[in-house]
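A.B. asks: So the protein lines, in turn, are chains A and B. Positions 1 to 318 (the working numbering) are the ones given, in order, by the first sequence. Positions 1 to 318 (the working numbering) are the ones given, in order, by the second sequence.
None of these hints come from the bench; they were simulated from the model. Please note: incorrect hints may appear among the correct ones.
For identical chains, the list gives no copy identity; a pair is met inside one copy or between any two copies.
Claimed, not checked - Computed list of lysine-lysine pairs in BS3-like fashion (alpha-carbon distance at most 27 angstroms, straight line): (1) K59 / K274; (2) K249 / K274; (3) K249 / K109; (4) K105 / K249; (5) K59 / K309.
Number of protein chains: 2
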Amino acid sequence: MMEPEKELRITLIGAGTIGLSFAAFHLSHLPASSHLTIYDTRPNAEQYIRDNLQNFYPKNSSPPSITDLQIATTLPDAVSNAHIIQESGPENLQIKQDLWAEVEKHAKKDALLWSSTSGIPASQQAQRMQNKTRLLVVHPYNPPHIMPLLELVPSPSTSEEVIQRTQDFWRARNRVPIHIHQETTGFVANRLAFALLREAIHLVDAGVVSVAELDGIVESSMGPRWAVAGPFKSYHAGGGPAGLEGFFKNIGETVQGCWSDAGNVNVGDGWEGKVFRQAREAYGTVDVAERDRITRRLLDVLEEEKGRKTLANPSASQ
Amino acid sequence: MMEPEKELRITLIGAGTIGLSFAAFHLSHLPASSHLTIYDTRPNAEQYIRDNLQNFYPKNSSPPSITDLQIATTLPDAVSNAHIIQESGPENLQIKQDLWAEVEKHAKKDALLWSSTSGIPASQQAQRMQNKTRLLVVHPYNPPHIMPLLELVPSPSTSEEVIQRTQDFWRARNRVPIHIHQETTGFVANRLAFALLREAIHLVDAGVVSVAELDGIVESSMGPRWAVAGPFKSYHAGGGPAGLEGFFKNIGETVQGCWSDAGNVNVGDGWEGKVFRQAREAYGTVDVAERDRITRRLLDVLEEEKGRKTLANPSASQ
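Using the sequences plus the hints, can you model the full thing?
C.D. replies: Structure representation (structure tokens):
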């Protein structure tokens with residue numbers, strides 16, 4: 001558990017979609033007498049933030065009071081008192097390097113520094129900092145006010161204590177912070193999802209299935225299955241008493257057959273027209289609020305089951 | 001809707017794990033005065049089937065009466081009166097070719113012939129049949145008494161009418177039969193899942209995450225997301241008003257970065273020891289009944305939501 005929970009001050013830098021989604025999350029999870037500050041360089045930032053924040057709460061629900069929300073107008077004001085500083089700014093190395101070098105001048109010595117980047121490693125972002133131990137990537141799965149995953153990707157300079165305090169923060173809020181042990185292109189969740197997407201694009205491009213048929217397949221098989229048991233656990237179960245080894249003994253040849261036959265398309269290969277058109281025709285504008293409402297229902301079931309398991313066998317909880 | 005629903009006779013050939021799981025499904029969905037017949041060549045097949053079938057119903061539930069279940073002792077007896085003949089036998093081309101050639105001699109002219117194979121195309125299985133129009137692959141996602149997906153993979157000889165009757169059968173039972181338009185190695189669901197698994201193995205082998213950490217990532221991100229909206233629909237939503245095209249415009253470079261950096265491991269590359277060991281240590285023997293119980297809860301939510309949508313806008317149902 002983090003020590004300053006009693007009077008926690010969190011500062012968010014950047015009020016785009018990700019920043020506001022994190023703001024909605026934090027406002028729902030702030031301990032009493034705590035404060036959330038947002039800093040954004042756009043004109044009329046305060047009006048923009050107050051107008052848009054309510055979109056991140058379920059329809060017909062009353063959003064938590066945002067009287068504790070402060071809008072800072074300068075970076076020093078924003079960061080000087082914060083225990084946690086979380087940036088969700090533009091995906092630009094130069095901007096992030098400038099930002100952290102400036103933040104470092106004004107922030108408390110033990111403030112945690114988090115970046116929401118989906119691609120720029122902490123080691124690169126920190127290059128112009130004096131003290132590189134406090135910065136790490138805390139990459140959400142969109143949208144972060146709903147999805148439980150946070151990928152914690154430290155640089156080689158990030159201290160163990162900073163990683164630990166970051167994990168404690170998210171676990172105390174029933175989130176799933178996973179420590180990624182190496183700075184890898186795209187981290188882990190996106191690499192996995194994009195690997196499946198690559199094969200999906202190939203299959204649509206080759207005319208094996210349509211965009212909507214492919215989604216129907218995933219929604220009625222891997223999706224619900226992997227929500228309950230990830231791929232390794234599923235195939236370990238599928239192998240019977242011999243586990244994952246048994247699985248590969250039984251159907252390793254089929255697995256390799258699929259791998260050897262993989263499409264391995266690339267961006268710009270020419271599949272774009274067909275695939276983009278099918279997506280437009282199948283979905284038009286997706287009702288994201290509806291999707292999020294149903295996702296919340298599933299996550300509630302999963303959290304209830306996890307709580308039940310933890311109560312039944314406390315040592316089994318992560 | 002299929003015509004002989006009133007007095008439907010289904011015959012299953014092969015009482016392994018898949019065959020019994022299908023048996024459990026059919027027994028829960030048989031119209032009145034209908035019959036399920038199972039044929040299996042193992043010694044004491046009847047005792048084996050009656051002893052093991054109850055494992056496919058939730059604990060503490062009373063399985064449907066299986067008085068209508070008949071165990072056939074010869075193939076001609078098993079198939080001669082059936083409207084549907086579904087085989088879940090060994091994954092061996094010779095055995096399946098022999099089976100269908102023999103089934104054809106005794107089956108009704110309009111019986112549907114389904115194979116549960118995960119890898120042997122209908123066109124190969126049918127090679128020694130006189131009439132190749134009635135056979136297609138109906139590949140489940142394990143276990144079929146729980147998971148909604150059926151991949152329908154016809155051969156080029158399978159008639160449209162047979163595909164349509166097969167789709168009608170499964171839709172009437174609230175399942176998700178998806179017509180795969182070409183016979184492809186591994187069909188579609190496994191190709192997609194194995195593409196993600198391949199990258200997952202690479203990431204564990206490279207020490208980026210452990211087996212349990214990787215599963216934790218998928219369970220708290222893609223799993224619940226894709227249960228609600230498949231990958232194309234998700235990324236189409238993620239691209240804002242410009243849809244999937246906007247998504248690739250925004251982060252196509254990151255996507256390609258992940259693709260270019262993909263691990264592309266193969267079976268036998270040497271990752272096996274580490275990955276199998278981690279799976280054993282993390283999971284031992286998986287509690288499959290628990291997994292299936294939670295999966296049913298998620299699928300109940302999704303089916304309820306689908307029903308709600310269909311009621312609200314009948315034309316939106318597939």
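A.B. asks: Against the earlier hints, flag every one the structure doesn't satisfy and list their numbers going up.
C.D. replies: 1, 3 and 4
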